[in-house]
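Participant: Chain by chain, the residues run as shown.
2 protein chains.
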Amino acid sequence: MPNPTAAMLVIGDEILSGRTRDSNMHHLAGVLTKKGIDLAEVRVVADDRAAIVAAVQALSGAWDHVFTSGGIGPTHDDITADCIAEAFGAAIDVRADARALLAAHYKRTGGELNEARLRMARIPDGAILIDNPVSIAPGFSIGNVHVMAGVPAVFEAMVATVMPQLTGGAPLQSDTVRIDRGEGDIAQVLTGLAKAHPELSIGSYPFQRKGKFGSNIVIRGSDAAAISMVRAALLEAFAGDAE
Amino acid sequence: MPNPTAAMLVIGDEILSGRTRDSNMHHLAGVLTKKGIDLAEVRVVADDRAAIVAAVQALSGAWDHVFTSGGIGPTHDDITADCIAEAFGAAIDVRADARALLAAHYKRTGGELNEARLRMARIPDGAILIDNPVSIAPGFSIGNVHVMAGVPAVFEAMVATVMPQLTGGAPLQSDTVRIDRGEGDIAQVLTGLAKAHPELSIGSYPFQRKGKFGSNIVIRGSDAAAISMVRAALLEAFAGDAE
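Same order as they appear, the protein sequences are chains A and B.
Heads up: the first sequence is residues 8 to 250, going by our numbering.
Heads up: the second sequence is residues 8 to 250, going by our numbering.
What the hints contain is simulated information worked out from the structure, not anything from laboratory work.
Check each hint, because a few of them may be wrong.
Identical chains share a label here; the pair holds if one copy fits it or two copies do between them.
As the list claims (entries may be wrong) - In silico SDA-like cross-links for lysine to any residue, where the CA-CA straight-line distance does not exceed 25 Å:
{"#": "1", "residue 1": "K41", "residue 2": "R28"}
{"#": "2", "residue 1": "K114", "residue 2": "A65"}
{"#": "3", "residue 1": "K41", "residue 2": "S30"}
{"#": "4", "residue 1": "K217", "residue 2": "A65"}
{"#": "5", "residue 1": "K42", "residue 2": "Q195"}
{"#": "6", "residue 1": "K219", "residue 2": "Y113"}
{"#": "7", "residue 1": "K202", "residue 2": "D132"}
In isolation and in its complexed conformation, chain A is listed as follows:
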């Protein structure tokens, strides 16, 4: 059975303007790979209602799971929750369970649960809250879409909350062979190995180090013996330059 699939939607002008370097994509990619869920597509869109709604609908229809990051805070530019509701045709308002979480938190810390912070309790009808152990204001799951904060510490905590609830596939095994030759010198051997082992995915990732080109060959699949055979073939073909 093929692995479940997933997409990620990163929401935020600050990523597209180059002000902020996104780190949530790389984090989620690693977590999903370990879980045996294949991340098939990522999109980054601006804080723009039409763009968010269209992307949520496209990704939600195409893949098993969608993970969003960003735009669920208390300020005027945080419009993700309302856009998700629109994408699903769901009503949205301040919800009692989310409000209770925030009220208890601000009572404990002496902060004020003002109108702005109450925006963080706006949850679409039918959504399930995602626990936020870092800063309390919850994310939520609706349909196959998991809506999470953009601040990396909060995003990562919410991913950790959601992941055990999902059914993973077979985590792929993988092995990497580093070859200190440019891709052009090894491509023919790689093509032969890829044809001989259609059950494996063999990827070539060039790098440049100290002015010299090399290639990392990543061999992926569920057949550990086949992966070992390809590794051995590469070490033999490029003896002295491969490890």
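Following the hints, complete the assembly by docking chain B onto the known chain A.
Facilitator: For chain B alone, kept in the frame of chain A given last:
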């Protein structure tokens, strides 16, 4: 007149599996912002023909420029050039001008221009080559799509080649005010300022440092005087916590 718009398409299994952390998006975002071209959307797709063709067609139709990274090397998993040709309905083959560049390079360096390396001279009919001062194998522009390598040093060199040929807009001015309070404490003031200055974009970007929450307020627009007024209003409203 509004600024020109752009999208980026990152191509590569290695980004989606979490093996590689993409840095090209952040680089391109910064370059485009300086140039006055608005990066409106980014997509990341796998080394998959149908996914690449569909994304190129969607992005090319929606935005003024599209920049791609990845998948133009010599190995079997480098399929970007052929997918771009398919997306534009253009023929593709080894082209004399690209072949000549590679032949001269490998003659100079003593390498062999073998069948695999010749794949890097596959250029769609009607495309214009993009110079690659780092490793010679060229990128290309066809229609409004600029096709570049994934290796960051090569990607950045190709971006530097392409950028002077594009017409930019008015680079936005921007100013950032750091406020050592959580977003919930400042949201009401921000909403008021955003309403009073519809000509500006005021974004709030929360951060967490040493266990405390704060917010960077980024004020963007072409009216420097208005930006200064908003800065002054924030410093006054949050005196002692803002700088």
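Participant: Work down the list of hints and note, for each, if the structure agrees.
Facilitator: Hints, verified against the model:
Proximity of K41 to R28 under the C-alpha cut-off of 25 Å is found in both arrangements, the shortest distances being 24 Å within a copy and 16 Å between copies. Proximity of K114 to A65 under the C-alpha cut-off of 25 Å is found in neither arrangement, the shortest distances being 40 Å within a copy and 49 Å between copies. For a Cα distance limit of 25 Å, the shortest separation of K41 from S30 qualifies both inside one copy, at 17 Å, and across copies, at 22 Å. For the identical chains of this complex, K217 and A65 are neighbours neither inside a copy (43 Å) nor across copies (39 Å), given an alpha-carbon limit of 25 Å.
For the homomeric pair K42 and Q195, neither the shortest alpha-carbon distance inside one copy (33 Å) nor that between copies (41 Å) is at most 25 Å. Only between protomers do K219 and Y113 lie at most 25 Å apart by alpha-carbon distance; the minimum there is 15 Å, versus 57 Å within a single protomer. For a Cα distance limit of 25 Å, the shortest separation of K202 from D132 qualifies neither inside one copy, at 51 Å, nor across copies, at 29 Å.
The structure does not agree with the numbered hints 2, 4, 5 and 7 stated previously, though it agrees with the rest.
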